[in-house]
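2 protein chains.
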Amino acid sequence: MSLEASARLSSSAFLTACRGERPDHVPVWFMRQAGRSLPEYLKIREGTNMLDSCFQTEMVVEITLQPVRRHQVDAAIFFSDIVVPLKAIGVDLDIVPGTGPVVAEPIRSAAQLDQLRDLESDDVASVLAAVSALTDELGPTPLIGFAGAPFTLASYLVEGGPSKDHRRTKQLMYSDPELWHALLGRMARIAGQFLRLQVEAGASAVQLFDSWAGTLSRADYLTYVQPHSAAVLDSVADLGVPRIHFGVGTGEILGAMSDAGADVVGVDWRVPLDEAVRRLGPDAIVQGNLDPTTLFAPTEVVHARAAEIIAQGAAARGHIFNLGHGVLPATDPDTLTRLVDFVHQQPVPARS
Amino acid sequence: MSLEASARLSSSAFLTACRGERPDHVPVWFMRQAGRSLPEYLKIREGTNMLDSCFQTEMVVEITLQPVRRHQVDAAIFFSDIVVPLKAIGVDLDIVPGTGPVVAEPIRSAAQLDQLRDLESDDVASVLAAVSALTDELGPTPLIGFAGAPFTLASYLVEGGPSKDHRRTKQLMYSDPELWHALLGRMARIAGQFLRLQVEAGASAVQLFDSWAGTLSRADYLTYVQPHSAAVLDSVADLGVPRIHFGVGTGEILGAMSDAGADVVGVDWRVPLDEAVRRLGPDAIVQGNLDPTTLFAPTEVVHARAAEIIAQGAAARGHIFNLGHGVLPATDPDTLTRLVDFVHQQPVPARS
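Going down the list, the protein sequences come from chains L and C.
Start counting the first sequence at 2; every next residue gets the next number (this note's numbering).
Start counting the second sequence at 2; every next residue gets the next number (this note's numbering).
So here's chain L without its partners, still in its complex pose (with noise of 0.2 Å):
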């Protein structure tokens, strides 16, 4: 990249607000915005499973870039899932349709954390052409890598699937709290690995997700899984990328993910976000925070909604707009778009 790309990409909305300096106008991306809600995803994927779809380098660019180009958001996230690094590193599982990540054989025993070994570049090389062509394509937009945090892959490894409860994966977390640790210390390595090839491939920020650490108690996720999630976060900070960190239902435990390391704290719909700016601190900077069922409500709802997010955003330090979680399938297209119109028409709010 030239100086000058790199100056541009540097001066980006969205970078600007992550370090916590007054961009030029309220960023906004969407978390799964390059999925099911476009047609052109659907047309793309079509006769391709979701997982072969994630390791097909000219795939991922172009998924990844389609929510760029139609809505015009200030952050491309690179298209894949969860489970990539473990299947990468040979892990034996599906995402089938409907259900999710399946594992066929669940971990749950001491023997089968040798399975879990490093990944390489080589175990992901399809996967990081994609983030250098990407970086190309994209040029001034950033585009955000991303992991799922330790305890969210154990519990897809634990449970074999995902899980209304996660009865098992706290099961294993009450009983045997050494192979917690070892497989969630695995987890750590993996999902810091892949962040860190990320990055170094061109990826200018990354998100780490915790999806089902809102189903812990505060004592329970400091005890069992901030460490790992720490060790995650601490891995890319040399790196000098912002870190964002979001999970659902996170109230009670906004804090300590904040205390992981992350940069960016990403906040579901449940908090008002001058609420976690007050659980967090004055210099918290936030990532939300629009529940997405709002997308289906009528479009004054919707931006009415989006100014009350923009004018409670102005409590922290830096704010990027975003849904309270991801992009619902059935959500059409277009009030993404009109909602990044009027994002990015509302004037940088002064911080109150």
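Keep in mind the hints are simulated off the structure, nothing from the lab.
This structure is a prediction, so every number in the text was calculated from the model and none was measured.
One or more hints might be untrue.
Stated by the list, open to error - Only some residues are given here: those of chain C computed to face chain L with a beta carbon under 10 Å: (1) R168; (2) T170; (3) M174; (4) S176; (5) G215; (6) S218; (7) R219; (8) P273; (9) D292; (10) D342; (11) F343.
What the hints assert, rightly or not - Using C-beta positions, here's what the derived DEER-type ranges look like: (12) C:E22 x L:H26: 35 to 43 Å; (13) L:P330 x C:A183: 28 to 36 Å; (14) L:A111 x C:P283: 43 to 51 Å; (15) L:P299 x C:A305: 49 to 57 Å; (16) L:D119 x C:P178: 48 to 56 Å; (17) C:P178 x L:G256: 32 to 40 Å; (18) L:E121 x C:R70: 53 to 61 Å; (19) C:P283 x L:G256: 19 to 27 Å; (20) L:D93 x C:R279: 44 to 52 Å; (21) C:P283 x L:E201: 51 to 59 Å; (22) C:E41 x L:D284: 51 to 59 Å; (23) L:A111 x C:E301: 16 to 24 Å; (24) L:S176 x C:G241: 43 to 51 Å.
What the hints assert, rightly or not - Quick partial rundown of chain C residues pointing at chain L, CB under 7 Å, derived from the structure: (25) S54; (26) F56; (27) P178; (28) G250; (29) G252; (30) E253; (31) W270; (32) R271; (33) F297; (34) V302.
By construction, the Cβ of each residue, glycine as well, lies at the ideal position given by its N, Cα and C atoms.
Please arrange chain C on chain L, whose structure you already have, making use of the hints.
Just chain C, lined up with the frame of chain L:
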């Protein structure tokens, strides 16, 4: 009931704690204690579907008594399902094993509201006969009546079944507030009538379940839901029985749920009880809140957690021990029995 029997009931540990007075032991019962974790339940249910079983007097009596006999819990909860009053007024719905309540024609228009008529005692005669018989059988052990709260009931009617994101429910709420409030008003009347009938038949406390209220922000809860939950609780205010109000993931709306008119607030495991009391105020009476997955841990872990919860509950004016959500079907019933023993052996803590 004789005067002596009535006095023994009134001085039960459960009702004493519900009044904010000091019981002789920490009372304990479990949400979904009457259900699939018990082999005697699975046996009696063989060949009868869920909704039918809720309308068979003898079966309701037997299933309700099973956990009381087995675990020596301090209260019985009437075996039923939150959709029972809707079925009773003629809504075409069923409970599908492995799925949950499924409504034949989801309600999304004003024209459909007419079918949601008032609930009369004849509609639930077999159910009320069970309540009445249970009151006699249980003697000094209180029977808790229950109903689903307006938001949760409405969500089943609008979605047509269980939903992960409550998208259609919230869509209606945001898009057509008039229809929304009319629908929730109907739900509130029916839930209130159902609770009232149960108390008149002999129930000595009620629990209003708002299973899904935790998916709402506090602002939305206050605008769209709280007035209707308040109407339900108000409709039994004159009957002098404790009103418990519970939902999952409600950390942000605990105060708002209490303000709806709850005498006792059920708390899930994400919010420690002493923190719940900070949010609710020093006069709070709380119920909860062991993570149901903890019951899969070794006994010493279960009991250590229970002891912590009893200690945290001492911050409240009253504490009824319970789980933070319903008993999971795979739970070993002996674990529950041992837990009741353990709780009963603990000294009632001095208020902290």
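* Please write out, lowest number first, the hints stated earlier that are contradicted by the structure. => 10, 11, 12, 25, 26 and 27
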